[in-house]
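A.B. asks: Going down the list, the sequences are from chains G and F.
So the first sequence is residues 1 to 299, counted in the working numbering.
So the second sequence is residues 1 to 219, counted in the working numbering.
To be clear, the hints were calculated from the coordinates, so they are not data collected in a lab.
Treat each hint with caution, since some may be false.
Straight-line C-alpha distance at most 30 Å; calculated BS3-like pairs for lysine-lysine [as the list claims (entries may be wrong)]:
1. K297(G) <-> K80(G)
2. K5(G) <-> K153(F)
3. K28(G) <-> K80(G)
4. K4(G) <-> K28(G)
5. K83(F) <-> K19(F)
6. K97(F) <-> K144(F)
7. K80(G) <-> K73(F)
8. K44(F) <-> K19(F)
9. K281(G) <-> K263(G)
10. K27(G) <-> K4(G)
11. K73(F) <-> K44(F)
12. K73(F) <-> K4(G)
13. K297(G) <-> K83(F)
14. K44(F) <-> K27(G)
Fair warning: this is a prediction, and the values are worked out from it, not measured in the lab.
Chain residues, written in single-letter form:
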Amino acid sequence: MNCKKFYRDFSGYLDGTLPEERIEEIKKHIEGCEGCSSYNRIVTEGVHEYRERPELQMPDDFLGRLEHSIYQLEEEERLKRSRSPFRSFMRTISPVLSAGIAFAGFLYFFTSHTPSGQLRIEDRSARSVAVSSSSLAYVSPVRTEAFSLAHFLEGFATEYLGNRLSPLRSVSGGVPVTVEDPAFATFVSEDPSFSSRIARSSPTSSLIQTPMGFAAIPARMERPLSKLVDSENGLLVVDIKFMGKAFVAGLRKGDVIVSLDEKPIEQAGSLLKMASERNSKTRALSVVRNGRVVNLKID
Amino acid sequence: MEERKLHIKARLEPSGLLKDEELIGLFLEGERSRFRELVERYDKRLLNFIYRLIGDRERAEDLVQETFIRVYKHIRRFDREKKFSTWVYTIASNLAKNELRNRSRNPIVLFQHIVKDWEDDHKPLEFIDNSKRPDDLFMRRHLKEVIDRAVEKLPAHHRVVFVLRETEGKSYEEIAEITGCSLGTVKSRLNRARNNFATLIAPSLENDQISFDGGDGEQ
């Protein structure tokens, strides 16, 4: 055994992967060689110190953020699946026809000055556009901003204020949902933070957090959504606890809750009371999603 | 927390007794909350692992999230005969590698004076006795910093092997699988990483100036 061999076998020696006799040889060499003995000590002590470094802890909102991302992923998959027949059709039509359609769309956009497709802005209300990001519901108090956001976001997701945004309407059935809570709107627009944080730091907001693992804000639905359930009142789910009771039951961000335990939501206050009750019984929820009423049971 | 307790109570088997692969099986059978358990088993470990590789906490958090998103996306394709931990570490380590590549900030490769033809009397370490240097105490006090910096200075492909072995306790075979290298490459990289590490921290730990110049044909 010499120093060269010691060096070459050192990792095997340290990790105990060498045969017994080689380990013994190295041990003997270390005893008689000052350099290799120091080398052994430095690596061992250095690694020990390195391992002792304090561990980083996960941030509190990690699981929430992960849930949002996974939810978004599921939504994208769902949209992809629902669009696939259209895609295959598009693939089969001639390129000339595609170009013609694109040109017509282009002309339409520049002549009408209104966004085409599902997402349109109600002229009468500055706060009538809500878009959900991966972490919060964004309600723009500025009409032009809302307009450009809504227009830009149509069918896409993009970066805005550091958050990935997608149209809320894509999950609430293509119908505008108005959020009438200035405190919430202002707070959110100023701080693109997580809605769970908003609930803690904005006492004036009417954000309702429930023991069922979701947070919602009072929202007013417009036609034809309101027609669907004969009511304008609902609760827009803006945050949901990943793998919490409500999540597991199938509730998703962007759903509008229209009834709880078969009682319609007449006003926000009554729902707040009902939703905040802590009891173990199964709660029946009706929500509006994608223009349809979906019934869920939360155990 | 209360809700989590209830969940655990309702389970037929305590999750602590279940292997990762069994948890995945239950998740795929419809027990959706099992995914959260899987995340909770690994999130902190991966955060620390990635942080040790890239040195940026915020990005490390993003990459842990991305790791789990990929796990979620491809979980149906995961071969449950294999170890989940190896798979999840492979994803995390690839993401960290891409991050470093994208940053174009791969650490400068230090101490790469590879001598191919060793003579038997070459010694890996040479000591100069200067143990009475006045900055000894200062260096001691900053040993942790020096150690962190030493690991940062390791070339990325050495660092990943070093961290997997020294802090994650992975076997050579697992490291080979995670990094996509041969067993021989893993051994060689680990040896060189330890050597560079020792060279960099020696002045603080030993009060001695170490100059080492050696290698065994790095791969």
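A.B. asks: Mind listing which of the numbered hints don't hold for this structure, in increasing order?
C.D. replies: 3, 12, 13, 14
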